[in-house]
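Chain by chain, the residues:
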Amino acid sequence: MTLTPRVKAILDHYESDTPGTKANLYRLMNTGKLAGTGKLVILPVDQGFEHGPGRSFAPNPPAYDPHYHYSLAIEAGLNAFAAPLGMLEAGAGTFAGQIPTILKCNSSDSLTTQKNQAVTGTVADALRLGCSAIGFTIYPASDYQFHQMEQLREMAREAKNAGLAVVVWSYPRGPMLDKAGETAIDICAYAAHIAAELGAHIIKVKPPTEDLCLPAAKKVYIDEKVDIATLPARIHHVVQSAFAGRRIVIFSGGEHTTTEHLLDTIRGIHQGGGFGSIIGRNTFQRPRAEALKLLGDITDIFLQKV
Amino acid sequence: MTLTPRVKAILDHYESDTPGTKANLYRLMNTGKLAGTGKLVILPVDQGFEHGPGRSFAPNPPAYDPHYHYSLAIEAGLNAFAAPLGMLEAGAGTFAGQIPTILKCNSSDSLTTQKNQAVTGTVADALRLGCSAIGFTIYPASDYQFHQMEQLREMAREAKNAGLAVVVWSYPRGPMLDKAGETAIDICAYAAHIAAELGAHIIKVKPPTEDLCLPAAKKVYIDEKVDIATLPARIHHVVQSAFAGRRIVIFSGGEHTTTEHLLDTIRGIHQGGGFGSIIGRNTFQRPRAEALKLLGDITDIFLQKV
Amino acid sequence: MTLTPRVKAILDHYESDTPGTKANLYRLMNTGKLAGTGKLVILPVDQGFEHGPGRSFAPNPPAYDPHYHYSLAIEAGLNAFAAPLGMLEAGAGTFAGQIPTILKCNSSDSLTTQKNQAVTGTVADALRLGCSAIGFTIYPASDYQFHQMEQLREMAREAKNAGLAVVVWSYPRGPMLDKAGETAIDICAYAAHIAAELGAHIIKVKPPTEDLCLPAAKKVYIDEKVDIATLPARIHHVVQSAFAGRRIVIFSGGEHTTTEHLLDTIRGIHQGGGFGSIIGRNTFQRPRAEALKLLGDITDIFLQKV
Amino acid sequence: MTLTPRVKAILDHYESDTPGTKANLYRLMNTGKLAGTGKLVILPVDQGFEHGPGRSFAPNPPAYDPHYHYSLAIEAGLNAFAAPLGMLEAGAGTFAGQIPTILKCNSSDSLTTQKNQAVTGTVADALRLGCSAIGFTIYPASDYQFHQMEQLREMAREAKNAGLAVVVWSYPRGPMLDKAGETAIDICAYAAHIAAELGAHIIKVKPPTEDLCLPAAKKVYIDEKVDIATLPARIHHVVQSAFAGRRIVIFSGGEHTTTEHLLDTIRGIHQGGGFGSIIGRNTFQRPRAEALKLLGDITDIFLQKV
Amino acid sequence: MTLTPRVKAILDHYESDTPGTKANLYRLMNTGKLAGTGKLVILPVDQGFEHGPGRSFAPNPPAYDPHYHYSLAIEAGLNAFAAPLGMLEAGAGTFAGQIPTILKCNSSDSLTTQKNQAVTGTVADALRLGCSAIGFTIYPASDYQFHQMEQLREMAREAKNAGLAVVVWSYPRGPMLDKAGETAIDICAYAAHIAAELGAHIIKVKPPTEDLCLPAAKKVYIDEKVDIATLPARIHHVVQSAFAGRRIVIFSGGEHTTTEHLLDTIRGIHQGGGFGSIIGRNTFQRPRAEALKLLGDITDIFLQKV
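Residue numbers (this note's numbering), protein chains in the order written: chain A, 1 to 306; chain B, 1 to 306; chain C, 1 to 306; chain D, 1 to 306; chain E, 1 to 306.
Treat the hints as calculated values from the structure; they're not laboratory data. Accuracy of the hints is not assured; some may be wrong.
To be verified - 20 Å max Cα-Cα, derived EDC-like pairs, lysine to aspartate or glutamate: (1) K218/E x E50/D; (2) K115/C x E290/A; (3) K115/A x E150/B; (4) K218/B x E260/B; (5) K8/E x E150/D; (6) K115/E x E150/C; (7) K8/B x D65/A; (8) K115/E x D143/C; (9) K219/A x E50/C; (10) K218/B x E50/A; (11) K206/B x D65/B; (12) K219/D x E50/B; (13) K218/C x E50/E; (14) K8/A x E150/C; (15) K219/C x E50/E; (16) K293/D x E50/D; (17) K115/B x D143/D; (18) K179/B x E150/B; (19) K219/E x E50/D; (20) K115/C x E50/A; (21) K218/A x E50/C; (22) K219/B x E50/A; (23) K115/B x E150/D; (24) K206/E x D178/E; (25) K115/D x E150/E; (26) K115/A x E150/A; (27) K218/D x D143/B; (28) K8/D x D65/B; (29) K8/C x D65/E; (30) K33/A x E290/A; (31) K115/A x D223/B; (32) K115/D x D143/E.
Source: prediction; values computed, not measured.
All chains should be modelled from the sequences, with the hints used to inform the complete structure.
See below:
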């Protein structure tokens, strides 16, 4: 596919990266139904690790099989498929080259209350499995945040040297934040900014609410009349917080909602200038036909003119 | 021995592994009485380290000698012998090539209440001792789980580079689990899935009970009517949780039971589609003739048509 | 630009450094309006990371864009621009060579009460981004101080081997210091001395108050009648504490104050023999024209004869 | 000296070791009065570090000098001399080649209640000082046991690669053990077994009492009627616990006792099939002539037919 | 200068060291007024780091300048100058070759109650600055002692490989010791012995009092009638505890005392067979002329026949 002006503009923002990394960002943006638009829809499947296999896959048993997710992402025309080491290993040969993959390099589980993760994959693993990017989760505000940032620094350095892209899941949680605080607009914007400062190429955060959490920040948002009234306005602020749009910011689908509620969120992300969505449970826990329908509706939204 | 269709099908699931690792998986599946069936019975002897030598070997004193276990496993026609560094070193020369061996690379003892292990063997040790695989224990749910997963990541990476197979003992324990929870069906399935995500080639878990432990999981199992009523059904669910059967899952024999109870468990594992058993105390604590009889009965079960 | 006697005198103080490091110190002192004077004004932009993007940039939204800061520093004729990894990556290509840059290699955020930082950039990053120096923050008196000093030792050693300069932000905080103690004159002088002992080429501390904090030090200051009555006298004492002026010591602008108060502080720094200022929030939170006016006034002060 | 059948039989047990390590085991067994018997008496001098110099050497002041110990061990016809780094460095040149030496690579002191040790010597040190073996202490049951086992793993691996032998002092202590428990027969046997599993060539434990400590073990010892009534029976059980005699197990002299009591212990070790003694304070705290007499009596015991 | 018999005798005690290290020990003993006598007086200046710059240098302001100390040590005819990284870097070029230097590789400050230090210099730093030795402080009895010993092991190994000498400051402190205990004779002797066991070439301890601290040691000192009545007797015991005089032991000047009291201590050190003094605050806090006079008096004492 030829390079579109929009994709070229986005690639130009990565002005310190090697041709290898730019080529992988290109691949991520030039695959599937959204190819060339600068928008991305990614299928992540780490819920088996994070929540357990029964809780994740029993609603749609074919989803126990890693091949199911590869083929779903390909058939739906998504931009990429992201998963932990074992799941990628189980399909990387069969589907080699058919869709860009992202090795989720750290993971947590539901068997602990520690707000931490284990690094379970490496850049070397990503390379041998033919991935385009590594994925890494940080928990800003947790007691482990500095440790996680330092792990990310090392892995991002390695990834960039190897021509891979770096995708950061930035999920604030910790002693200073209650449940509402984790998705407050000042906190989501902060999470996106931290990921950008850490050198992420692609940043994943949750859709922000209109809560304001940190008192010192709240004062400024009110004094400066920052527009956070609507989801598109908040999405715009989060994207602005990632170097004024110089970094790709995508958003998760959040807790299981009605399909219409989910599509409303997608519309808000698109209207606010978000670069796309990363959406897992809401698709693979439905029957395949319904999932394909939903993913078609989502990509259609991102194909609309704003 | 020629490659059987069943072994070929299993090997094909390891689509991201090198020929070296596949060759060692082949050796593990093509040795002994079960050669070519895709079923495995393995003799593990780490109880001296885990429980102490007197408690483990006094019931059958010839078992103090490492050579006893090598020759027992060979004579019984088992697939492999697994033990910690010192025990393998004590027989690896005498029995070189006669049976595949698995270096158990971490161990605990009964002198502490810490739910942790020490890494006591390395991939380099496994190579110099002619092993086919490394073995590694993780305790999902323990305070040390993330540390253990990171140790495993490094050792598995090294092992795969060296053409070895990786066997993971996945034994949940920790503050969120009571004794019943450790073998609850949702927890055993979760343990198998985590090991699969970590890149294990062969996964060892305990036979699951019909308990359900985590509330969020319990709800899904009930809502989705997951069949966990019988041991074969539960075995099937655990195997399904390891990438829909794409990974070899074997089961321990559990606490010392009557021989008939033990054989019933073996039958349940076989009927549920389990790949085999790993069985230690129940064999080497009996007189040799009785142990050979029992192991013969076990392999006979796995040779039956389901 | 030719080497002025003042710059030569300063460079001669770095008698154990390589030509590479001296060349970078030369670049830092021979750029912008203050070139050749031995005085420096540096723009640091790490407040997005330290305080959050909204709180830092909402008062002047163009400042969300990393390019804004590069061009502000260049247009104002400053000596250097300092920022964390991501912000430098976002502009290092566009502005390559136009102004010396300092990679701020560790950062904290406002989402924790831990008095610690994460190392988020490396010497290798500084080199690939064309930086003249690395920047590193230590918190003398914190529970993490020795760990931070050891991190700095490793990074400074690497930087010196690579011909980079080392800029140390020395900000005392911890259980032995209350808020007033953090800027007490004995503590600021101590902070500068520790940074000098650690091998810093350029030391950044806060402007000191006339408080005296540590009892054993207080006694000596009083007995020896050390002059700490005026800001210039205190600045002189801090510079003296950094090897009698053999190390470049610059001062932060401190909390947001009136412009006149800020310029008074700058005058005090200049009169006391300080080597310059590092000033962020006070500039980029104003409209660009006002910021340029203020920076012009500041550089004019440093151009005055004392 | 020619290879005796007994030494050959012992060397054959080390079937996974390199010729380099076997050569050093040969040297240890073929030096001094016990050469060729497969029995060893070793002089260890780490009490200066462990208990302090005055407490250790004031009873016999010539013992402050490292040369004293070298020459005592040589003159007494012992198999080896073991000491920490500094003490070996102080005599390794003068006595080069005259007696095998063992570098005690970790040490503790009497200035702390932590049940831990510092690693103070390395395999590289052992090689440059011409040692035949490294010595390493583990405290099974202590909070540091897993850490110590991992340190030992790394050092043993290095030592074996370099052709050195590995001697492990296995001294249980920690929260689960009271003073009596530390020398209980089940615990001493467990300590010997753990050291064997960790890959030790030579294992040093304390002479066991007839106490039984761990309830689960106690039950088995009683049920199986394990003979622990006499010291020779207990020594036999400990040796059996180290792979049925496939590993050299030697015993310490224990607390200062009457000479006759000490010789009784030696007789018990010999009769029970122990491989020898490691005896420090009981010799170097006496006048030299008395020490030589005592060591002569000890070696005479080990020369007797059992 | 030719090799004197006394210096040769001392060098011969370092029988496991390389010619490189012996050459540096030779340089340390063959410089200044005491050249060839085997006695050493060393100027250490780390008080700026340990106590703060004002408290250390305000009594004699020229001492803020690192060059002051270099030239004082040279003019006074001392054997060596010891300081942390920054202070050496500030003068190493100007005074290259004029006096042996010791890089003090770890330091603490007065801003914490942690009984620990940060490693702030390396062997590579010592080599590039032309030093003859590294200096390292351990706090036996502190909670960090084993960690510090392991740091020292690594640095000493590197230093010896590079032909440098190793000077260990051994300062007991920690939960088992009260203030008096830190300088009790059994503790000072123990501190010297530990440093010797760790492989130190030169050991610095504090002058001991006649207190006895550890009960088990106290009993032996009394039973064996160890002479600790006078300072020379105690110095003799400390030197004896460092391998019967095979290691150079020097003593600090202690807290600021009257000049006459200080000279009495020096006489006691000399009479007891101490190898010299390391003396900082007592010299550089006086006017230069007085300091030179005092240092002249001290070296004169060490030149006297005993």
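Here is what the structure says about each hint:
| no. | hint | result |
| --- | --- | --- |
| 1 | K218/E x E50/D | 16 Å, holds |
| 2 | K115/C x E290/A | 50 Å, violated |
| 3 | K115/A x E150/B | 16 Å, holds |
| 4 | K218/B x E260/B | 31 Å, violated |
| 5 | K8/E x E150/D | 43 Å, violated |
| 6 | K115/E x E150/C | 16 Å, holds |
| 7 | K8/B x D65/A | 19 Å, holds |
| 8 | K115/E x D143/C | 12 Å, holds |
| 9 | K219/A x E50/C | 17 Å, holds |
| 10 | K218/B x E50/A | 16 Å, holds |
| 11 | K206/B x D65/B | 27 Å, violated |
| 12 | K219/D x E50/B | 17 Å, holds |
| 13 | K218/C x E50/E | 16 Å, holds |
| 14 | K8/A x E150/C | 43 Å, violated |
| 15 | K219/C x E50/E | 17 Å, holds |
| 16 | K293/D x E50/D | 26 Å, violated |
| 17 | K115/B x D143/D | 12 Å, holds |
| 18 | K179/B x E150/B | 26 Å, violated |
| 19 | K219/E x E50/D | 17 Å, holds |
| 20 | K115/C x E50/A | 30 Å, violated |
| 21 | K218/A x E50/C | 16 Å, holds |
| 22 | K219/B x E50/A | 17 Å, holds |
| 23 | K115/B x E150/D | 16 Å, holds |
| 24 | K206/E x D178/E | 15 Å, holds |
| 25 | K115/D x E150/E | 16 Å, holds |
| 26 | K115/A x E150/A | 16 Å, holds |
| 27 | K218/D x D143/B | 30 Å, violated |
| 28 | K8/D x D65/B | 19 Å, holds |
| 29 | K8/C x D65/E | 19 Å, holds |
| 30 | K33/A x E290/A | 18 Å, holds |
| 31 | K115/A x D223/B | 29 Å, violated |
| 32 | K115/D x D143/E | 12 Å, holds |
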